[in-house]
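Chemist: We have chain A; now place chain B onto it with these hints.
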Amino acid sequence: MAYIPNGADEQRQMLQAIGVGTLEDLFASVPGELRHPAMDLPEPLAEQELVAELGRLAARNRPMGSMDSFLGAGVYRRFVPAIVRAAVARPEFYTAYTPYQAEASQGTLQTIFEFQSMICALTGLDVANASLYDGSTAAAEAVMMAAIHTGRNRAVAAADLHPETLAVIRTFARGRGVEVVTADEVGERVSGEDACAVVAQPGFLGTVTDIRAAARAASEAGAVSICCADPIACALLTPPGELGFDIVVGDGQPLGIAPSFGGPHVGFMAVRQELMRRMPGRLVGLARDHDGRRAYVLTLQAREQHIRRERATSNICTNHALMALAATVYMARMGAGGMRRVAEVSAQRAHHLADRLTGLDGFTLADPERPFLWEFALRVPRGGAEFAAAMHREGILAGLPLERVDPRRGDQILVCCTETTATASVDRYVEAASRFAASLRVGA
Amino acid sequence: MTPGSEPSERGVGAPAAEWAGDEPLVFELSSDVSGGPREVRSGVPERSLDELLPGVSLRTAPAGIPAVPEPVLARHLGRLARRNHNLHQGIYPLGSCTMKYNPAVDEQLAGLDGFADLHPYQDTADIQGALQLMWELERLLCQITGMARISLQPAAGAHGEWTGLRMIQAYHASRGDVRRTRVLIPDSAHGTNPASAALAGLEVVHVQSNADGTVDVGDLARLLGSSVAAVMMTNPNTLGVFEREILEIARRAHEAGSLLYYDGANLNALVGLARPGDMGFDAVHLNLHKTFSTPHGGGGPGSGPVGVSAALTDFLPTPTVELGDDGYRLDRDRPLSIGKVRSHYGNFGMLVRAYAYIRTYGSSIPEVAQNAVLNARYLQSRLRDLFPMAVASDSMHEFVATTRGGRVPELRAIDVAKRLLDYGVYAPTAYFPTTVPEALMFEPTETESKASLDHLADACTAIVAEAERDLEHVRSAPHRTPVSRIDEVEAARRPLLRWRPEN
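Protein chains in written order, with my numbering: chain A, 1 to 444; chain B, 1 to 503.
Hints listed in this document are in silico derivations from the structure and should not be mistaken for laboratory results. Don't take each hint at face value.
[Claimed, not checked] The calculated lysine to any residue pairs, modelled on SDA-like cross-linking and capped at a C-alpha distance of 20 Å, are:
hint, chain 1, residue 1, chain 2, residue 2
1, B, K450, A, D9
2, B, K450, B, R384
3, B, K450, A, E24
Next up, chain A with everything else stripped away, as it sits in the complex:
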């Protein structure tokens, strides 16, 4: 069989050692009426057939790399250095389990300790954990943490949070009986009734706002301030920790992880020292072994579900350690300087593209007063969906038509550039948009 090494001879010897006659005898404790259900499953496949079958499915998709892509909106096509993939492809890392037996898991433990340290450096906070599922669940965990910490049952969230993040916060909050309200100006809305104030940097539409007021107002109200941050932006902007935030969460996908149709990515969370014991998830600490050597170990486990059960800070057990390894290797390869340059190149290209597109008839920035990093909401003729469809016919993924997340922005599209956006792609986008505008003039 495919991945079962024992053959009939070994099976016979083993059954004899156990003292039963057949494999079926091993299932004697299962009531007969439950055994061997009728199932409609396909024939087994040889590896070669499997590769062909999955190849056919993959070929029914159109990967971003086969087009000129300007699609971002929280999942980014960033350059992944080869050493990142080489590291996560090592069986020593990808086949290992959660490092419960520290003495035989120092490799995983040390890379997690490095990850925690880098996330602290990036966010400007004291303590980071060994990863969460993604940016949206990391934000939801932060809100749950704030509700328990303050004993309050309302959260104020910025209206420009990523819509998926806001949706997941709402699902988590309903379970715990926490109310979620949204506001354009979180700082003006947060009060002594609130567990937390949640903002994004940059916002879903790529813009950067002054978020200090939100942190200050939350602090004055006795609420926890939470910032959902892009990790690449953290290499360029003043980190949220320095702006006064208590918790910074985000999605580490831009740090060397493939889009992969939305997952697996990795969530990160960093907090102030005072919140350390309220954190969800694994924490790796630096310790000494009995011979005085530096050694790493899972620590503060009294917060976790396997010890504390229903009184744990979270139910999380499996996390996203391998994706955290990818992010760690990415950050170690790029360094803070390299990551800042990635941010700058992305921003330079996005602004260049915005300048050229807004030079065309009928194209304007939707939020011209707000500075943006590498994504911008663009008002386009005929609405975002029709424009995107026209660009798609020319092999261009023009961006996310915003009507998909906000019906009031039906005339807009969210356009993204990264360091992987070729200048030739930028030229083709501008040319195609120009032809689109011209065709409308002719049609009119």
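Modeler: Frame of chain A; chain B shown alone:
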């Protein structure tokens, strides 16, 4: 192997001398926080940051993350890799974790551009292959579990538990039955069960176990009532024993208006041979990183799809994948849904691997369960003379032994666990379930050969013999790993959770 001799296999694959000295942290390998690899050119006329980002507060100093030259980084990662036990080196018999071999071809397939370079917001026409894979995987898992529909969205088992409980709550609420605020959980359950219930806002009530670890049906019946939303069970349970009374338990739970939740952590014992849906379960989560062979990644990512019976399908997370005349599509218009439980559609890369695994076995998948149980029972037969078993009943894919009452009274579970590391064998799950003192929980999985099981049994034999002769040597193990036992109490008392120059 000769009892008492030092194991010939190295703990984690290399001569002990190689471990002399610490492996530096990346922060000690470079201090270049402002340079980095060769810069990519923007290719456009660059403007000053003040002009691009007017009024925006920028970093005044770079983040303290050094760029490490690639040759140095490569060797750092290589050395760290050798400090990990892993499945390509030896058996990983962690009970309840199902550490089976991760097929190489599945890694290759998940990396195909058509899967890995796909954006979740692409047009429906551009993602037909991905949606088809998800649609087919859902149906394959429905066949295997006997459930009506399955959401592939949860990222892990615990995430699936909470998602399932939220759907059960929504079901009761939709019937105007709002008094059901409690959930019954056996005392031997995985810790995630009560933690997930608490996250869903439910009160946890523990159910007593019989001597063989199965649910005490009398106690369960006493606790059932109009305030109970769900009963959470694992079957076979955490002692590896099948709940023979499961049909009676389901009948009583349903009679009392409660629903029944299945923790799929132990499905490897039954996959293809018996289905939770047929047992009467209303909601089921699966750990694709256990039964369906996706790798554990040093702690994750996993994937925790959750299946439900027909009565609960309206409450599934959005979106679902549907097949219509125009092909596959995402359905976001689900008014009774509990909402989104994570971004996008799940850990798609893990779904590709699990799909490939199930297609490989297809209708022969019962052989997985048969060989998983065969391997566990064989290993148990080899260990019976060394360690008392926690229960007398026949176990399935895993079993719990204890050092309590064994040949060497002072020998503790942790000592056996740590000494096994010296033999190139990872430790079994120790001290779980908590209902068994000095527990050692073994789950070998079907991908271990008889020779591998014999190696593990021989190592245990050697350790017990050694303990009879020189207990202290066992209690101070491991001796051949990169580090020796770690002062965990001190680590927790004075936590150092990030690098600082003075560490």
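Chemist: Okay, which hints does this one fail, numbers in order?
Modeler: Checked against the structure, no hint fails, so every one of them is satisfied.
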